[in-house]
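Novice: Chains as they are written, first to last, in this note's numbering: chain S, 1 to 479; chain L, 1 to 479.
Hints may be right or wrong, so weigh each one.
Which bits of chain L does chain S cover? Going by a derived footprint, with three or more residues having C-beta under 8 Å, they are [stated by the list, open to error]:
id : segment
1  : 30-36
2  : 70-79
3  : 125-139
4  : 273-279
Think about it this way: if two alpha-carbon atoms lie no more than 27 Å apart in a straight line, the pair counts; the simulated DSS-like pairs of lysine-lysine are [what the hints assert, rightly or not]:
id : chain 1 : residue 1 : chain 2 : residue 2
5  : S       : K63       : L       : K331
6  : L       : K83       : S       : K325
7  : S       : K38       : L       : K83
8  : L       : K63       : S       : K384
9  : S       : K314      : L       : K63
10 : S       : K38       : L       : K136
11 : S       : K28       : L       : K251
12 : L       : K471      : L       : K439
13 : S       : K331      : L       : K471
To be clear, the hints were calculated from the coordinates, so they are not data collected in a lab. Ideal placement from N, C-alpha and C gives every residue a C-beta, glycine not left out.
Number of protein chains: 2
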Amino acid sequence: MADKKKLVEAITSREEDFAQWYTDVVVKAELVAYSTIKGCTILKPAGYAIWENIMHELDARFKATGVENVAMPMFIPESLLQKEKDHVEGFAPEVAWVTMGGGEVLPERLCVRPTSETLFCELYKNIIESYRDLPKCYNQWCSVVRWEKTTRPFLRTTEFWWQEGHTAHATEEEAEARTVQMLNVYADFCEEILAIPVIKGQKTDKEKFAGANSTYTIEAMMHDGKALQSGTSHNFGDGFAQAFGIQFSDKENKLQYVHQTSWGMSTRIIGALIMVHGDDSGLVLPPRIAPTQVMIIPIAQHKEGVLEKASELKEQLAAAGLRVKVDETDKNPGWKFSEQEMRGIPLRVEIGPKDIEAGQAVIVRRDNREKQVVALDQLAEAVKAALEQEQADMLERAREFLYSHIYEAKTYEAFCDLIANKPGFVKAEWCGDQACELKIKEDTTATSRCMPFVQEHIGETCVCCGKPAKKLVYWGKAY
Amino acid sequence: MADKKKLVEAITSREEDFAQWYTDVVVKAELVAYSTIKGCTILKPAGYAIWENIMHELDARFKATGVENVAMPMFIPESLLQKEKDHVEGFAPEVAWVTMGGGEVLPERLCVRPTSETLFCELYKNIIESYRDLPKCYNQWCSVVRWEKTTRPFLRTTEFWWQEGHTAHATEEEAEARTVQMLNVYADFCEEILAIPVIKGQKTDKEKFAGANSTYTIEAMMHDGKALQSGTSHNFGDGFAQAFGIQFSDKENKLQYVHQTSWGMSTRIIGALIMVHGDDSGLVLPPRIAPTQVMIIPIAQHKEGVLEKASELKEQLAAAGLRVKVDETDKNPGWKFSEQEMRGIPLRVEIGPKDIEAGQAVIVRRDNREKQVVALDQLAEAVKAALEQEQADMLERAREFLYSHIYEAKTYEAFCDLIANKPGFVKAEWCGDQACELKIKEDTTATSRCMPFVQEHIGETCVCCGKPAKKLVYWGKAY
Numbered sequence: 001m002a003d004k005k006k007l008v009e010a011i012t013s014r015e016e017d018f019a020q021w022y023t024d025v026v027v028k029a030e031l032v033a034y035s036t037i038k039g040c041t042i043l044k045p046a047g048y049a050i051w052e053n054i055m056h057e058l059d060a061r062f063k064a065t066g067v068e069n070v071a072m073p074m075f076i077p078e079s080l081l082q083k084e085k086d087h088v089e090g091f092a093p094e095v096a097w098v099t100m101g102g103g104e105v106l107p108e109r110l111c112v113r114p115t116s117e118t119l120f121c122e123l124y125k126n127i128i129e130s131y132r133d134l135p136k137c138y139n140q141w142c143s144v145v146r147w148e149k150t151t152r153p154f155l156r157t158t159e160f161w162w163q164e165g166h167t168a169h170a171t172e173e174e175a176e177a178r179t180v181q182m183l184n185v186y187a188d189f190c191e192e193i194l195a196i197p198v199i200k201g202q203k204t205d206k207e208k209f210a211g212a213n214s215t216y217t218i219e220a221m222m223h224d225g226k227a228l229q230s231g232t233s234h235n236f237g238d239g240f241a242q243a244f245g246i247q248f249s250d251k252e253n254k255l256q257y258v259h260q261t262s263w264g265m266s267t268r269i270i271g272a273l274i275m276v277h278g279d280d281s282g283l284v285l286p287p288r289i290a291p292t293q294v295m296i297i298p299i300a301q302h303k304e305g306v307l308e309k310a311s312e313l314k315e316q317l318a319a320a321g322l323r324v325k326v327d328e329t330d331k332n333p334g335w336k337f338s339e340q341e342m343r344g345i346p347l348r349v350e351i352g353p354k355d356i357e358a359g360q361a362v363i364v365r366r367d368n369r370e371k372q373v374v375a376l377d378q379l380a381e382a383v384k385a386a387l388e389q390e391q392a393d394m395l396e397r398a399r400e401f402l403y404s405h406i407y408e409a410k411t412y413e414a415f416c417d418l419i420a421n422k423p424g425f426v427k428a429e430w431c432g433d434q435a436c437e438l439k440i441k442e443d444t445t446a447t448s449r450c451m452p453f454v455q456e457h458i459g460e461t462c463v464c465c466g467k468p469a470k471k472l473v474y475w476g477k478a479y
Numbered sequence: 001m002a003d004k005k006k007l008v009e010a011i012t013s014r015e016e017d018f019a020q021w022y023t024d025v026v027v028k029a030e031l032v033a034y035s036t037i038k039g040c041t042i043l044k045p046a047g048y049a050i051w052e053n054i055m056h057e058l059d060a061r062f063k064a065t066g067v068e069n070v071a072m073p074m075f076i077p078e079s080l081l082q083k084e085k086d087h088v089e090g091f092a093p094e095v096a097w098v099t100m101g102g103g104e105v106l107p108e109r110l111c112v113r114p115t116s117e118t119l120f121c122e123l124y125k126n127i128i129e130s131y132r133d134l135p136k137c138y139n140q141w142c143s144v145v146r147w148e149k150t151t152r153p154f155l156r157t158t159e160f161w162w163q164e165g166h167t168a169h170a171t172e173e174e175a176e177a178r179t180v181q182m183l184n185v186y187a188d189f190c191e192e193i194l195a196i197p198v199i200k201g202q203k204t205d206k207e208k209f210a211g212a213n214s215t216y217t218i219e220a221m222m223h224d225g226k227a228l229q230s231g232t233s234h235n236f237g238d239g240f241a242q243a244f245g246i247q248f249s250d251k252e253n254k255l256q257y258v259h260q261t262s263w264g265m266s267t268r269i270i271g272a273l274i275m276v277h278g279d280d281s282g283l284v285l286p287p288r289i290a291p292t293q294v295m296i297i298p299i300a301q302h303k304e305g306v307l308e309k310a311s312e313l314k315e316q317l318a319a320a321g322l323r324v325k326v327d328e329t330d331k332n333p334g335w336k337f338s339e340q341e342m343r344g345i346p347l348r349v350e351i352g353p354k355d356i357e358a359g360q361a362v363i364v365r366r367d368n369r370e371k372q373v374v375a376l377d378q379l380a381e382a383v384k385a386a387l388e389q390e391q392a393d394m395l396e397r398a399r400e401f402l403y404s405h406i407y408e409a410k411t412y413e414a415f416c417d418l419i420a421n422k423p424g425f426v427k428a429e430w431c432g433d434q435a436c437e438l439k440i441k442e443d444t445t446a447t448s449r450c451m452p453f454v455q456e457h458i459g460e461t462c463v464c465c466g467k468p469a470k471k472l473v474y475w476g477k478a479y
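All chains should be modelled from the sequences, with the hints used to inform the complete structure.
Specialist: What follows is the structure, given as structure tokens:
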């Protein structure tokens, strides 16, 4: 087992240095490679396959709510980006500019989309005329570019992959309902598929999207207690519609502005997947999102019949609808175990000559290493049951971690102490004043994560300034 | 039926002006919208849904051959693009350059990828060390940018969507086999799914990809007799490997250069789909690729029970695995028929009060307008059978059109006459000299489409110069 030790030694432990552990895992599990372009990473097959599964699952959920996919240009002319004041202020400083094309200097420079509100507004202006054309619920899967100074794989990269939904509605109420609906799609997806529990709430004005009336967010807690904003849904009211002139004639033939929303989830969520579930042996993927759910590892594979049996079991499990592979490489079994664990494959099946003789196999869960000896003729059911239990246990464990790391603060002293010494979120009342958010950030580096939809009442005064409290807020350090 | 007339009048007939017919169809069938960015079109839901089905189908075929998907950066540093001489000469004139990012002038300008050979080479150089790491068979789905002076939706746009596969192999033979294998994947996909028959062959040196040893192509024939290059597969030999230093140690521990291939199919193929099958009423989509296969159109839908029956039939057909919709809008049936035809939906089901009373429905094929009265309890089987027959008939019709528009020329006079007067391809012998290709292009605007894999021998001398013939070539005007 010397090899196994060597592979595991290749990653730093979480307690020693969480940031280094993260970097080690994304590289050793072969999720990404670095490119020579500053801040741009490559998604390798193991990383991209996770994103493919996320796209597949989310896309079906979007379509079930009536969303249609489109593809928009990757460029935005400077004049178009400038049409909505808050929006351009929010994004202009971090965009990449194309200034030459086809050997000539362009008459107007084009930015590479950092997000596509302006392009969708232009399209909607052209294709919406009457109430019959509403609602429009479009989405696109693409990559966007935001020039970043410091970058980390998945969490913050100059180019990243995402989906951006953009909708237009006849009424304020309908837009608000869609904004909430899509946030719930994200939250349900995170819990049901990624086994990541989230806090749903509204961003403060300081933290909301550039140009939005309101931004709703789901916040997940990483193993180090930091928050990761995992999906957002914005209600724009008719602000963009006014800036772009997107009007429709209603049933009384009167011109009205549309009400718009946008909502997005990105490859950032893979960072959450790693930091919520991973352990000191590497990645741990929930079975429902894992590209490979089961790795069959033959023991003493040179012996007669072992590889044949492994391949037979693979066919059996694949026929039962599982994503399964056999590791037939010439590495030793200990090394193969380590690799399967490093890559977060949820279950392994060990099968050797003695097992075959006894008509059994050993199955081992990735999350808790629980072993089970299973009769070969019941393998498929046993594997399915183990994977379902693993998925449920992972969510339960993550929930327990989340809720046991949420604290309450009623005084500023207690608040600062908690933020400094207790990894996790702190609930505290807030007066609604941005000055308090700024002071808290300066004193503690924590930011307001959200005003949760489920509002409790834990005090009368703002934890920071002592003025009357308006909202309960979750605070925390964040990625 | 006044409305119907109006909708159909909105498109020019193919005989009158094929180019205008094409533009009318892409707009009226709502496949694309124009953006304000020069040469960039928007894929609207109806257009993008076709591309989604193409991606889905091709991706499964790629994966069945062992291909893995990745995502690469959209930018290429200028120095990286320049590493392979022919390649940079081929692409540098038509790229878009990013010169500023995050408010600063970049130290080195980045081009937006026109294709990603150079990025894959850089990655392969970093991750390939030994023969154990081979082959690498990566693919990505993305958009690329080539600055175009004149553009047409799907056929030639500044930004377009595609997949690009890039592989690295230990031997020349393996690379050659992969090049041919992927061309066959494309050809089979075109015939089986898109009902587009193709000619498989090799490009001449003049027409091959910048940096390739050899380029294989599939050429389809549009309704106006012009060729459309529909997919290409390139064998690079070890040229890129030498330029980028991609080496591996073989089983004898000797350093060797890898052999590489690349292959791509793009949204251009949707142009072929339109121009092979479309007619004067609009788009005609083969059932296997159509996003909606069946449109149920209620007749006298205000009458009791009609909409209920339509929706019941929809459930029934959906349960049988069909992609089906009901047109419940308040337009009149004639208008709905025209829209369904314009959009190329392969089959419509008409259901009205009299049909319901008689326990039947009328089904109408899009391609030949064949009507059939079907008992409601046999609707699903009848619809399935009609769609299968439609798919087969469309391929057969396209095949007949292709082969009846291929001519032979043995003299240059006959050749020029055929190119000028007979829409289609002309088979003729060629000496292998580029001067003849240039002369033919200048005299006739036709280009060499390919040297078909199936070589016939129809003469001893080059049709252009009279020198000894080396290859039979298909010539034609092209998109």
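Novice: Tell me, in ascending order, the numbers of any earlier hints that this structure violates.
Specialist: Per hint list: 4, 6 and 13 violated.
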